[in-house]
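Hey, can you piece these two chains together into the complex? The hints should help.
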Amino acid sequence: MKLLTIDAHKGHFLGLKGEKQPIDLLTKEDLLRLVDLTLTEADVEFDPYDEASLPNQAHQIIYKNVYAKRTHLHGRRSEFIDESERLFLVEYANYRSRSDEVA
Amino acid sequence: MNSISWEFMMKKIDLHIHTSPTISDSAFEFSLDEFRRYVDEAGLHAVAVTNHNLFDRAQFLQITEYLTIPVFPGIEVNLEMGHVLVIADSGRVEEFAEMCAELTSEIRDPRDSVDIGRFEKIFRDLSSFLIIPHYEKKPAIHGEALERLRPYIAAGEVDSEKKFVRAIRDPEKLTPVLFSDTRISTIHQKNLPTRQTYIDCGDLTIGAIKESLRDKLKVALSADDGNELFQLFENGQMLSTGLNILLGERSSGKTYTLDRIVETIPNTKYIRQFSLVQTDEDDYTRRFNEHIQNKRSSVADGYLSGVKGVLDEVVEVDLAANERSAQEFVESLIKSAQEADRRDAYSTTALFDEQSFPIPSGETLKALIQSVQQIIENIEFRDIIEKHVDLSDVKQLACELIEILWSRTLDAKKKKLVNGIVSDIRDSLRVRTSATHVKDVDLYKVALDRKRVKRFEEIVRGMQVEGVISQDDVQGFVVEARKGPFTGAGEIKAVSGLRTAFSGAFQKYSEPYDYLRELLANESLSRAELYKYFVNITYRILNRDGYEVSGGERSEFRLLQEIKDSQNFDVLLIDEPESSFDNLFLNGNVNKLIKEISQTMPVVVVTHNSTVGASIGADYVLIAKKERNEEGLAYKIYSGHPTDRKLFAPDGTEIDNLEHMLNSLEAGRDVYSKRRNTYEAIDN
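Read top to bottom, the protein sequences are chains H and R. The numbering of the first sequence is the numbering used here, which starts it at 1 and goes up by one. The numbering of the second sequence is the numbering used here, which starts it at 1 and goes up by one.
Chain R with its partners taken away, still in its complex shape (with noise of 0.2 angstroms):
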């Protein structure tokens, strides 16, 4: 197909456009001429307005008799947890005026929302209206109000190019359409929206614009180069949703397009120049560190979720109050005896000095039933269960723990309700006799919680002998996990991140139960956090050679991870990569990831360097030039395919492609000659 004929038939549309301020908008002042000014310089040939659960009938017929282009009536509707737009046929205004009066008078709230029933009800013949759910866009119709909206949507709402993309290419997906979902108001908008789609329609109506829609061959981000291209600049100018070059000499605005570009695409992801570069080696090392603890946070939290564990049973257990208790009934038990000859009718009834029941926490056997519940419950792993056990069997023992359980859990009651009586008998009989009474200790609980404390040291101490956790392979480097012993108060409040001093604590450090006391005792920190200071755990970036890495390699590495993080984002900028790398790093591992990133999302690269700019096999090349006109200088960008002879600014003007290539690149064609040249001759 040629260029000329496809143009001919794509249709630029945007069918979600703002016009009222309902309660789920900011205040804005809708204005007619802003609307037209939109339409026309952005060159659309349709139009919907859909308000947030409102359809003002007045409104719309004003703005159909002022725009020259077909114009939809639509709504945005609040649909279970998410947004869905209803557009319909211009024929049909007073019905569907009447139909989104009854949805506004169910929305008072901007939190309201109809459930799909109620949706149906309302609109009652879905398939004679345009429908598209918010879809890879917040907030997004999911689950069954989806399902059930399926066999009626044409298409599905996304925000960003790189969603766009990834809808048309995945057969699975919806056909994604990109709209402005703009507020049209009387402040003059600098920047006009510059999301919009193209459809191959012949005649505008919602019958055919529904046809097409169901064809994702039909659909396009521009004009004349289908998906390859999208427009980023109200002007006209282009980006490849794949890989771009930027290039230009000293202050011809590279840096003021990339910043253009942050405005105008919200959820960019921008590498600035030398920000990965070292300056201050310890400020350096430790934003780095910092960086690489918190993306590895979930290897500390996995190696200490041991010590989590025995944590939570000794942060209840008080020795010194256990060794007080058990002192007083030592003592009062002796007292006791000496005072034999003095009993009287109370202190001589059984239930004087009678000690409660111990009642058992019943966990452990809870815990057991749980694991027989799993063999029973496991699917993934039936087969080989089923090979080795009789699940009749295990399920008899599962009841037969269960009854366990129930039996032992009455005796636990029965002895609470027991040990109540006796402590009350208890303390009636005493308030009544001046003879001693033996204190109530629970000694089994003493003798446990030592135990407990002994192994929580074992535990502690064995994970603070120094050693590597994990190796994991990350981009050619190795990130190491190591562990060891903290040896500073300074080092403690690092991890915590807190203000607090840890000096007084870290003094007992070496007696894990001791210094857990003095954390415990400092109100400002959290006990679900605290067993992130009894081990230190730190890493190391090692390279290919086993070594620790040094700080150029450290900058690479970040460098990778940032190309790398960028992928949650709808673009990636990066600006003069060359100036903190040096070419070999560039054209193996930098190179490489960014062609990778740019298969799934748009990449602009701004770069002098030829290595990373004639090496790296851009889709799209974008020149930045500071001319001189009548009216002063003047920034411009001439853009096309690497291959094309000539590259052209959106005014229509144009220059040669291979000379300002070569003059950014390399310095011009002679330099470029000379250097070729030299290299013939070593070569020769």
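So here's chain H without its partners, still in its complex pose (with noise of 0.2 angstroms):
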């Protein structure tokens, strides 16, 4: 699945349809779920970042930093999920474990 590519000299990312949207339109819902599915799909791509294929300057601002940010974040999936998971963990273990005994 390919989020951001750079199609016609334009830069593009993945829309809710899974159609191609100019990355000028590009809202932070929009981005939210971008992070979403790189977090949890296994074979999501990038177009990578040339800023010779990108003549208008607002698109390079915007592909560049989300290129960046995206390729960063792939790399610390787990790491980025397991975090958020560490809250009560042993509380949760245990009421989970001690509740299926029950039931």
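Don't read these hints as lab results, they were simulated from the structure. Any given hint could be a false lead.
[Claimed, not checked] No farther apart than 20 angstroms at their CA atoms in a straight line, the calculated lysine to aspartate or glutamate pairs in the EDC-like style are these:
# : chain 1 : residue 1 : chain 2 : residue 2
1 : R       : 416       : H       : 83
2 : R       : 413       : H       : 85
3 : R       : 416       : H       : 30
4 : R       : 190       : R       : 40
5 : R       : 636       : R       : 249
[Said to hold, decoys possible] Output of the computed footprint for chain H on chain R, the stretches with three or more beta carbons under 8 angstroms from beta carbons of chain H:
# : stretch
6 : 268–275
7 : 341–349
8 : 395–402
9 : 414–424
A virtual CB, placed ideally from N, CA and C, is assigned to each residue, including glycine.
Written out as structure tokens, the structure reads:
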């Protein structure tokens, strides 16, 4: 699944319905969806950032930033999720097993 | 058992004596002569040399040659957090010296210590030694170290007669021993140590001493009187471990005697003559209020904890800054709309005016999970909880809540990441265009902050309404804690105990939030203390009839409080309570309380008053007398039990008990007879 593409001198992101959307229309909700996909989907891809193929400077700024963060996040997927599940982990394991026993 | 046989068997021992200045001591020079003087004048039957983590074999042998009583080789060991005495039989000097040398090499700093495992390795067979830990004496041996030593412990060292008597009476406690812990130095000590222990023991060997110490009945503070008396001064003057009255004419040395007790016993509570009497009304009221305030700060803190919680949240709220950013938001929005036709490639991107995701804290959910957790883990109310809810359901609830927490935490994390990207992109876009961008502001937070401040102001105003917080019965009086507003900056300053001025801030006192901002702007105020400056907590003492106490009653209350406070001390001294109080009060409350306290600690009351002196039911009477002899004036103390016909001074001289009691308390036999006749006549 390709989340970011460069096509016809324009940056695009994967829209809600799987369509290509110009990157200047990207909102924070779109960004959040892309973060989700990066964390959960195994086969996400991005066209590498290439200044020469993107003459529009606004597109350059957006594409470059999103691409850099996305690549970074992709490498730390499991760490990102695990950290969130450390809270009350001992209690959770305890209650889960004990309530399973009761059940 | 008669007193002669008792004395015959009782041996006076001091098994905690320092003779070498180690790294744990301040410097002193040891003197063999002073050691012998101490042994002779105190009448000791056996001693032990116990230096800090050191056994000096050569010095020890010198001491044993010089003294004529048994001297045991010993050492005071830094064991974990406490100290313990290890004392060996005199025949094991060589072997003991080797063990101690091993220990000495491991203690290189006063704070170093060995653990219990190492201690057992060094001294090997602990049952062959006399082991005496610091017990009710600092630094004490506690916890696992004490438990592991317990089978070998013969006695525990205490540091006062009061703790000695308490340990003797409590079957759960170790046999107590009281030793001098003195440094024998070349400096001639005017007052030789008086802390030693008597044991009923035949031959003075380590085995026999251990055997005696195992039986509390064979251990005492005095030779003749068991634990009723103990030696107070080095001249042999005794004092009761219960209630003592000290009588005597003016200038006969009573206050001097009390001062000497203060010098001899370090942890003494001394209620001086007239110290509780009111002299200057304003000053006294202020000091009285301060005293009550300190005593009862937990009442105020408990009540004010409500403000504390709300304050912690409101301290971070800056309404003015919120107002400014909301204003900027609206202005930038309008301007941006007006410039719609001037927009370029940067300002038309969706992210140019994008706002950040608000990030919820998750604290409410965490608190909920903790509450559920409490229901699951609570043991005290387990039965009633299980009666109403099925714990396996509650556990499932906890698991589901934790799962929600995880998912929300992950969500918040993702949003934070997105906010970071959005902010980076927005900033980069904005520097490249002249178009106005809409300011980023969390309007939800702005609205919530206003709500918070409103609630804070409601709570503070509610607490500032005058009223009673609590009423506690204290020794026949009622201590009433009241709340209300501060009526001036001076009152707040008094509560703060600081030099800083509150007059500027106080002008805004009626608007709690504005007032808070003023307080926050004052850098000399600690944020943690701010909660104290909103509501004025005051105390009133009411008498039995519900009226505020008079000056005299206030002094009575103070006296009862002071006596009660003495429980944390080793001895209580009261100098002439009658100088401040009337007889009815003395005979009722004071005598009763003194008597109660004297069940647990030595008390000395100096008095001329027959209500105190004759009615209190003392255990021991001391009469101070100024006498003229060949050398001039001498102060002497005669003492004995109240029913003894004669009282004796330590030098063996005697006086008539009744005559001196009547002289001290009733102005002599004649006056007493006349007064008695007068009362009888009225009665008839």
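For each hint, the structure was consulted:
1. R:416 with H:83: 14 angstroms, holds
2. R:413 with H:85: The given pair, whose Cα atoms are some 12 angstroms apart, holds under the 20 angstroms limit.
3. R:416 with H:30: 14 angstroms, holds
4. R:190 with R:40: Given that 20 angstroms is the threshold and the Cα spacing comes to 15 angstroms, the pair holds.
5. R:636 with R:249: Given that 20 angstroms is the threshold and the Cα spacing comes to 12 angstroms, the pair holds.
6. 268–275: Three-residue rule not met by the stretch 268–275 of chain R, so violated; n is 0.
7. 341–349: Per the Cβ count (4), the hint holds.
8. 395–402: holds (count 5)
9. 414–424: holds (count 9)
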